[in-house]
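Undergrad: Taken in order, these protein sequences are the chains called S and P.
Residue 1 is where the first sequence starts when you use my numbering, and the numbers rise one by one after that.
Residue 1 is where the second sequence starts when you use my numbering, and the numbers rise one by one after that.
Careful: at least some of the hints might be erroneous.
Unchecked claim - BS3-like, lysine-lysine: derived pairs with alpha carbons at most 25 Å apart:
#1 P:Lys28 <-> P:Lys278
#2 P:Lys28 <-> P:Lys6
#3 P:Lys6 <-> S:Lys88
#4 S:Lys33 <-> S:Lys65
#5 P:Lys267 <-> S:Lys85
#6 P:Lys6 <-> P:Lys278
What the hints contain is simulated information worked out from the structure, not anything from laboratory work.
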Amino acid sequence: MEITITPGKIDVLAVSGTIDALTAAEITASFNKHIHDGHPDVVADFSNVEFMSSAGLRAILASVKEARAAGGDFRLACPQPAIDKLLKMAGFHNIVKIFPTVQDALASFGD
Amino acid sequence: MPKTKKPRVALVIGSGSVKCAAALGLWKSLDRAGIPIDMLVGCSGGSLYASTMSLGFTLDECIQYTARLWNKDVTLKRNWNGILGAVFPSLFNFGDTFGMVSDKLMLGRLNQVYGEKTFADTKIPLTIMATDFYSGEMVTLAEGKLVDAIRASIAIPFVWSAHKVGGRTLIDGSASNPMPVDVAIKEGAEVILAMGFQSPLPTQVKSISRYAFHINGIMTNSLYHSNFAFHNAAHHAEIIPIFPEFDRPIRLFDTDQIPYVLDQGEKATEAQIPYIRKLLNI
């Protein structure tokens, strides 16, 4: 698992690999550190996330909560079909803003 | 996740009629990878596969039993007393045993496979899910005759009548818990392989039975989603979703699709094997 940060008006955190019990803590810590370093608005690019388990879902929830508590928002972009299916199954489309592209997610902060 | 002992692994097979045969593909894949299962939980169609696995039948036997048990024949004979009772309730004594399809053939086939076997005969601890018709509560069955538990678990509303077990009137487990991950959590499983399916919704609704299935499917799917969301978010067991992809519609009794369904189950599981092995340190 790797996280690559692309700085901008809104930073994009691109995750690659798997988000599971073995990697979720590291991801949550990285996201939360970024949020508390003065970047409460975050776009997480999930285009290279290959697999996610319940630990991954919990990691997303924790980051969403953290970002919103800091006055921002944590938005997801371009999950692969299998990941998107899991997000839909777990009802995440109802509570997290999820976009088909990173550009859409970035643009949504201008709304 | 404790590193000092091997985590307990549960396989949960949710409702899904013929699609549940994907669990055989999952089993094939786990078996090849040497990944043991410590407990099994089955609901509705999933109870058939969880039961055969827990009894220690071979994969080939399970495939044969599936073909023998779960085909269109079991739906052919109408329960005219039930159907007429729906129209003339007083005349035909309508009651909680309503079902449009006769269960005689299905029950006979269940008896051929499971006979007098009980939960005590299982080699892997097994729990089967049903729903109390009157209270609506989820019912976990882990003792008594397997035939009774399975028959209750697959009592699809409107299709097959409720089944009495231990003085309770039970219907399909999917009416209360279509993918019972929580049962595995409660039993102490730390790694849960969860295979579940949404109910297929008919594209045309041209009869009262289709209408009933449609409404039932909508409600079951909503329950499936909300339970899945809750179980994933609220607990710390590692739930590994195994959702086979199907490129064609698989209806309730498309048993001719079982080889394809099994392959898709195997394929979906294969993708998770490296991670499961890492988690279990094997």
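Undergrad: Decide if the proposed pair is consistent with the structure: Lys28 (chain P) and Lys278 (chain P), CA atoms, cutoff 25 Å inclusive.
TA: holds (19 Å)
Undergrad: Taking 25 Å as the top limit, are the C-alpha atoms of Lys28 (chain P) and Lys6 (chain P) close enough?
TA: Status holds; Cα separation ~21 Å.
Undergrad: Hinted pair, alpha-carbon criterion (25 Å max): Lys6 (chain P), Lys88 (chain S). Please report holds or violated.
TA: Roughly 31 Å separates the two Cα atoms, so the pair is violated.
Undergrad: Tell me if the straight-line CA distance from Lys6 (chain P) to Lys278 (chain P) falls inside 25 Å.
TA: holds (11 Å)
Undergrad: Under the criterion that the straight-line Cα-Cα distance not exceed 25 Å, is the pair Lys267 (chain P), Lys85 (chain S) satisfied?
TA: The given pair, whose Cα atoms are some 17 Å apart, holds under the 25 Å limit.
Undergrad: Are the Cα positions of Lys33 (chain S) and Lys65 (chain S) separated by 25 Å at most?
TA: Since the Cα atoms of Lys33 (chain S) and Lys65 (chain S) sit roughly 13 Å apart, the hinted pair holds (cutoff 25 Å).
Violated hint: 3 only; the structure is consistent with all others.
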